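One line per chain: the protein sequences are A and B, in this order.
In terms of numbering that gives the first Met the number 0, the first sequence opens at residue 0 and continues consecutively.
In terms of numbering that gives the first Met the number 0, the second sequence opens at residue 0 and continues consecutively.
Hints in this document: simulated from the structure, not taken from any laboratory.
Treat the hints with caution; some may be incorrect.
Unchecked claim - With a straight-line cut-off of 30 Å between C-alpha atoms, the simulated DSBU-like cross-links for lysine-lysine are:
no. : chain 1 : residue 1 : chain 2 : residue 2
1   : A       : LYS31     : B       : LYS13
2   : B       : LYS21     : A       : LYS87
3   : B       : LYS49     : A       : LYS19
4   : A       : LYS46     : A       : LYS152
What the hints assert, rightly or not - Covered stretches of chain A (chain B as the covering partner; in silico rule of three or more C-beta atoms under 8 Å from a C-beta of chain B):
no. : segment
5   : 22-35
6   : 84-96
7   : 121-127
8   : 147-155
On a predicted model such as this, the values are computed, not experimentally measured, just so you know.
Glycine included, C-beta positions come from ideal geometry on N, C-alpha and C.
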Amino acid sequence: MIREGKLKVNSDWNKDLKIKFTVQDPCQIVRKSYGDPIAEDLRFVVKSVVGEENFIDMQPNRSNNYCCGGGGGFLQSGFKEERLAYGKIKDDQIKATGADYCIAGCHNCHAQIHELSEHYGGNYPVVHMWTLICLSLGILGPNEREYLGDDLKEVNVFHPETAM
Amino acid sequence: MTETVIRLGNKRKKNIFLDKVKELLPEGGNLNACLTCGACASGCPATGLKDMDPRKFLRMAALGMDEEIIASDWPWMCTMCMRCIYVCPMKIDIPQLVFNARALRPREERPKGILGSCDMALKNDTTSAMGTTEEDFEFVVQDVLEEYQEAQPEFADMQAPIDKQDSQFFLNQNSREPVTEPDEMVPLWKILHLAGVNWTYGSKGWAGENYCMFLADNDSWKHITKTSVDQANKLNVKTFLNTE
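Based on the sequences and whatever the hints tell you, model everything.
Structure, rendered in structure tokens:
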């Protein structure tokens with residue numbers, strides 16, 4: 000849709016802000032289903048939305064990416080201490096990028112990495128892809144910014160008068 | 000050369016866990032092909048938890064240490080992310096070994112959180128692990144949609160259809176959004192609207208999560224998946240779009 004021009008995203012909003020983003024390749028979509036080609040599609044979308052110069056890849060990545068620890072039912076298994084220990088590597092990998100934000104393309108990843116960010120004190124925001132696509136399209140309202148950091152709460156707000 | 004075959008552990012027992020799993024998998028999951036190189040364990044985030052790692056787990060299974068495997072909580076700490084099989088030179092299906100190890104315990108002795116989420120999903124045809132009914136889902140979607148149609152007039156024509164026949168996409172939805180953060184449903188609706196996508200939710204089977212799969216309860220897993228697929232087929236959609 001972006002390639003065909005149906006979704007006219009652009010990264011102008013981040014030209015001066017220069018907020019840096021990394022992305023967690025979802026195991027289920029990349030390694031377990033469609034492989035590296037879909038990881039490239041994901042990067043195409045991310046770069047279109049935040050600006051190529053504002054994207055920093057995690058290491059390792061794509062099919063070699065490490066699971067964050069949110070999958071397999073771990074979030075509901077009751078083994079919280081072990082789940083956070085499991086995720087320590089992921090938190091370290093995210094911090095090593097120096098990025099301000101981590102994008103999660105999967106629900107479980109979002110929940111787990113969000114918790115890692117708070118637990119290990121990195122406090123980097125963790126966002127869904129749909130949030131950034133709408134931000135870049137200028138159609139993200141004030142009540143759709145739950146997971147954006149303070150630096151983006153006021154940027155490109157659609158119908159700011161509807162804030163609740 | 001010695002002519003005596005060395006037999007280790009309980010391998011002499013017939014039908015150990017490893018052999019049963021081999022019967023389930025194509026090529027036996029290559030479970031007998033381990034070179035003990037450790038590529039799996041070195042790149043596994045679950046290595047070290049409960050004094051276990053993927054290589055050790057496979058060795059224990061190969062040695063017939065079934066009781067120790069049943070007693071270990073480690074299969075619930077492996078997310079079956081498949082990085083081990085991805086890097087394995089012999090393509091050994093350790094994730095399937097782990098999945099089947101989960102099923103070794105009686106169902107009621109598996110982790111309560113996963114068990115409860117699976118049981119909850121079995122209560123309604125929505126398959127929601129949070130127990131959301133068809134009526135509640137329809138109410139929330141309609142309520143949020145009307146609110147945004149009014150507050151953001153550019154989206155007055157935006158739709159969030161449920162059970163629309165002959166759509167291009169059947170979209171599922173994690174229960175977390177309609178239940179705890181309904182505003183988070185909206186950005187995706189907007190994107191689909193602007194892209195002119197013809198899509199629908201299903202009143203049945205809309206919930207994307209499937210804890211019965213994680214529980215290694217195959218019959219319930221199948222029931223949940225079948226409920227979604229049957230609804231998608233009934234609506235004659237072209238593509239099942241899994242957001243979960």
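Results of checking the hints against the structure:
1. Taking the CA atoms of A/LYS31 and B/LYS13, the gap is about 33 Å. The hint is violated against a cut of 30 Å.
2. Distance restraint check for B/LYS21 and A/LYS87: the Cα-Cα separation of roughly 33 Å exceeds the 30 Å cut-off, and the hinted pair is therefore not satisfied.
3. Distance check on the hinted pair: B/LYS49 and A/LYS19 sit about 36 Å apart at the alpha-carbon level, beyond 30 Å; violated.
4. Between the alpha carbons of A/LYS46 and A/LYS152 the distance comes to roughly 20 Å, so the proposed pair stays at or under 30 Å and holds.
5. Given as covered by chain B, the segment 22-35 of chain A passes the check, having 3 residues with a CB less than 8 Å from a CB of that chain where 3 are the minimum.
6. With a threshold of 8 Å between beta carbons, the proposed coverage of the segment 84-96 of chain A by chain B holds, since 5 of its residues qualify and at least three are required.
7. With 1 residues bearing a CB less than 8 Å from a CB of chain B, the segment 121-127 of chain A misses the requirement of three and the coverage assertion fails.
8. Restraint check on the segment 147-155 of chain A versus chain B: 0 residues with Cβ-Cβ distances below 8 Å, three needed, restraint violated.
When each numbered hint is compared with the structure, violations occur for hints 1, 2, 3, 7, 8.
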